[in-house]
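Participant: Produce the entire structure from the sequences given, and follow the hints as far as they go.
2 protein chains.
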Amino acid sequence: MTDRYILVTGGAGYIGSHTVIELINNGYKVVIVDNLSNSSYDAVARIEFIVNQHVPFYDIDLRNGDELDKVFKKYDIHGVIHFAALKAVGESTKIPLKYYENNVGGTMSLLEVCSANDVKTIVFSSSATVYGDVTRFGPTKYIPIPETCPTDPTNPYGKTKFVIEQILKDIHTSDNAWQVAILRYFNPIGAHPSGLLGEDPLGIPNNLLPYLAQVAIGRRETLSIFGDDYDSTDGTPIRDYIHVVDLAKGHIAALNYLKKLNDKGLYREWNLGTGKGSTVFQVYKAFCKAVGRELPYKVVGRRQGDVLNLTAKPDRAQQELQWKAELTVEDACRDLWRWTTENPFGFELQDYKWQEFDGLQNRLHTVQNKDLQVTFCNRGALIQDIKVGEQHIVCGFDNAKEYTLETNPYFGTTVGRYANRIKNGEFEIDGTKFQLTQNDGSNTLHAGNNGFDKQNFFGPVVKQKNGKFTLEFKVVDADGTDGFPGTLEAIVKYTIDSLSIEIEYEAKSLDDKPTVVNLTNHSYFNLSGNGTIDGTHIKSSVDQLLELDGAKLPTGNIISKTIPSTISPEVILDDCFVVDKDANAIDTRSKALQTLVEATHPDSNVKIVVSSTEPAFQFYTGDGVNCSQFGKRSGFCVEPSRFVDAVHSDNHKGQAVLKKGDVYGAKIKYEFR
Amino acid sequence: MTDRYILVTGGAGYIGSHTVIELINNGYKVVIVDNLSNSSYDAVARIEFIVNQHVPFYDIDLRNGDELDKVFKKYDIHGVIHFAALKAVGESTKIPLKYYENNVGGTMSLLEVCSANDVKTIVFSSSATVYGDVTRFGPTKYIPIPETCPTDPTNPYGKTKFVIEQILKDIHTSDNAWQVAILRYFNPIGAHPSGLLGEDPLGIPNNLLPYLAQVAIGRRETLSIFGDDYDSTDGTPIRDYIHVVDLAKGHIAALNYLKKLNDKGLYREWNLGTGKGSTVFQVYKAFCKAVGRELPYKVVGRRQGDVLNLTAKPDRAQQELQWKAELTVEDACRDLWRWTTENPFGFELQDYKWQEFDGLQNRLHTVQNKDLQVTFCNRGALIQDIKVGEQHIVCGFDNAKEYTLETNPYFGTTVGRYANRIKNGEFEIDGTKFQLTQNDGSNTLHAGNNGFDKQNFFGPVVKQKNGKFTLEFKVVDADGTDGFPGTLEAIVKYTIDSLSIEIEYEAKSLDDKPTVVNLTNHSYFNLSGNGTIDGTHIKSSVDQLLELDGAKLPTGNIISKTIPSTISPEVILDDCFVVDKDANAIDTRSKALQTLVEATHPDSNVKIVVSSTEPAFQFYTGDGVNCSQFGKRSGFCVEPSRFVDAVHSDNHKGQAVLKKGDVYGAKIKYEFR
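Residue numbers (the working numbering), protein chains in the order written: chain C, 1 to 673; chain B, 1001 to 1673.
Be aware that a few hints might be false.
To be verified - Here are the computed lysine-lysine pairs in the DSS-like style, where the Cα-Cα straight-line distance is at most 25 angstroms: (1) B:K1073 - C:K98; (2) B:K1098 - C:K264; (3) B:K1094 - C:K169; (4) B:K1098 - C:K169; (5) B:K1539 - B:K1591; (6) C:K73 - B:K1098; (7) C:K94 - B:K1169.
Derived by calculation from the structure, the hints in this document are not laboratory data.
Facilitator: Pasting the structure below:
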């Protein structure tokens, strides 16, 4: 099973995205198909961020059978979990044909492609809506609701789910090799505990908790409670609320159940609910508690079609699938509130836009914060552009291809896992010697041939809070890449304020193997606007230099030197200035940011101030640049980092050797005044 | 309403075709859309033959929304009657997805196009199958079945009908401008009383009467009766059989009902049944009576899913639609038997093939009867090719375009409504003078500029019986065409035996206006195979000639002359030989066929014998031929007909003047020995 894929339709949606995570956590390989009509690719980016792996994604409408078939041909698909559907009950009564076309039409197309590719295992995302008003049989006969309760959906949305169940049932009857698991959801609530995924309803939320969350975050004024004169303890209707993570796990249980059947076919329905009903008031109170304050509400008249009680009888799933809900309404409220505070507008951020640069794995991400516009790219989590007012002040390429050429002088990239040189491309930790790729004569420069600059980072997780944007990128550098030991997870977090970019690096070994780390950002600044840095004024109070030999490796001496106050053509630098000659810590983030360089130019009213928590920085006048429209001295670099070749310095090794349990950390800040 | 079209999906099918006829009979304009997946274009050709008018037809699968939309854009569509569906219950259990895709998918696409074109009136062909097993409520509660009986279809076919009802209902709820009439059919039987249309099931018939008909015609051995131990008078189950013509009329009633609502919306179901149940044995006996003998049957076990009684309560249709079934099971059996004997293999004939020549209105029809292969064309109901053994013996074009050129010397065509010349292009009937198009100097030749040779005939109705093929073509020549009075309906019936073609002409005025008629066939024979008729031997005992003047008009004299026994280059003829100088009848068909000409050629072993019931024939050596690959004297013609310009001959006017109530008739026979 683990070598074959589960295709998840609607995998970028609310329940779909949570299920993808559970699938991967349970060893399944996943390919996602979603037309993003009601979801965001950002959910997929965040899934990858959470699960630390690439998840193939295809933006395909299921009704496009030809495109869908290509996915089935490309991957060895074992089975399908079919979420993709329009799902708003109210909307379905207004545009029923769209609901039938999308939900039923999409499913027919999917099943046709499944059939053509001999994929006969499907878990279908159905809904308790198919039961309709179960009180038509009297107030208690079918409460809690068992799977044997007769179906009679009362709205087009529910009917589409019912029709699809029927189609699947008929297909199984016609060919009993089909394994069909129908999962009828009760009321999914909550969000992923990471705070990275949750429900992101378009327009006015139809459901209690999303609405309440928007009241709490200030997007809506008052919750309306539809009737408090029902025959419940507090007069409000009773529903069966289930945490979305529990629900997601139900799909794994169903898949595992089907797996145990081997090739035996099946058509069977299971309720996914908790079996425990909660009133609207109870849920309201739980959420208020999570938020920490009373939220405004008003009681209005009953809503047409609402009934007293819709609680699942989940016994069948418990007995057969060995699954039951384990999280509480309180858990869900806590997770929802975390999701809401972290992402008050869901995935939809004003002033953030992305576009494909080289496929979805390498996108350009542009944020605009007042006068500052910054564009990032997944490759190397690099800074492609910084625009202050109308002035572009860093070097970057307009197309993805140029970043891959040998002539690219690390424009804007994150350099890692080990920036600058390592002598002879080798080092020792705890008596074990490691041989690296030697890509700079006999030495190793910027981590060899497969450094961070060559890798597409996961994410970014983009958030907007308190007037700032944050973009978090993540890379997982495999054990043994270019000879480096240990699987290293590195997070690059950019915080974009109105006139500054702060970069925070955090890295840790995922397999507890010690390794070495030295990260920096390799932006080339240019204030002149005319293709050369000459004429730039520099102010720097750092006056010590790590003396380098002809191979640009430390001699062991620290000598006095400052950067000249004007970069004239004769000022040629590629030198490591020392901020703190005694530094020996792996995580510098607790230190105060120290100003390293201030740069101005007579032709610009922008002043660049680079500060960091790092013990050193390389200052480079870009004399080796020779690519595309960028020539020699197109930009200068200020690369805060550890000492060059710190791994071979007894006094500074602690800067760069990441021991078991340690976390590497550093901060850099670019300010523009 | 009459200026707008009713679009009929599935209009080439069993119920669809009958409904199209009723629509046209009731003044509706119709456009048919059918993908012919389970029907035949021949049904459309026969519809046109029956209703005497062109019915626009489009071979489109409803799921091809783009093509369908073009039809909606081309015609001003008022409403839709939606028949198109797969309909075999048994098959639906085997390939359910195909049923959902075709029926539900097709309907969704249709409704999308309707909606986009603001067409909101639809009559939907549903089925009593949606009720499922009504005895689940007890043996009598819902017998007869009212529209209020709860639905619960038990097979995929029935479910597709049910789902479509639901979609239509939801659409009407979302937009109550929609007028939706759901017609739930009981058991349609019978055929069109013309014998031209009926049920043409592919494979083994699922239903009682089509099966029984195939037993009667010898295609199946024995009828199986599934159970005779039900609680009915004779032990067999009771069903509500309704004549397909009654059923078709129900659609007109529904359309008229919707029309009376003006713009008010509606969603409503009506049962279309007789309200009278018949047992299997009763129907069996009625059909045996129609056939005139006992047909073999055997009683076998009950069929799964069958129930005792499924009889409609048709009161709602009667009260609201003012419709009720008027024909009996006996009527249906009679009409079915007529359809069956006339068309033992339905529309599917071995050794008959058609292809488009210039669209569907002008097809080529080829029949093969042993050594004789003949190809006809709708244009002029012409003979395009006669192949005896391996020899082609008439002149004809390979492409439709050449038939339309001025240079086409009437190759193979039916000449009419008036063959040969009319002096000065004018004549008088009962004191009224008619002026015709003068297209031959001051005279009129072959009916002017819009003769039969320029018109696409309806049909053909192709049948195969007793070793012979018949192809009937029909044209309706409008009153006033080229100045001729009266709407003339002319039928050209070809009977192709193994070595002969008999042509029968029948024409009558549809508006009781007297007119003139003279029909013949203008085939150019050639036995030499080398492009000239020279060297052909002719044997003819006809020795009188209608003397013609320089304008090829009669002088009034009849002189002695025979055709030379060998056609040598100096034999140049375009003369009217007289068979019966006293003839004055408008219908010659009761006369014995008289041999006119026998033709042979030293290079051929085929002998052509032309005989007819006509009083004269034109013999033409083709000296005016000059077109495409055919030159002068490429073929010779023997054109049995009335006297040239008979309308101006006091003694022979009766040959050509069709008086009120008269029928024109003639026969020609080509034999090949």
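Participant: Taking the hints in turn, state whether each one holds.
Facilitator: Verification of the supplied hints:
no.: 1; hint: B:K1073 - C:K98; verdict: holds, 22 angstroms
no.: 2; hint: B:K1098 - C:K264; verdict: holds, 24 angstroms
no.: 3; hint: B:K1094 - C:K169; verdict: holds, 12 angstroms
no.: 4; hint: B:K1098 - C:K169; verdict: holds, 14 angstroms
no.: 5; hint: B:K1539 - B:K1591; verdict: holds, 22 angstroms
no.: 6; hint: C:K73 - B:K1098; verdict: holds, 22 angstroms
no.: 7; hint: C:K94 - B:K1169; verdict: holds, 12 angstroms
Comparing the model with each numbered hint stated earlier shows that all of them hold.
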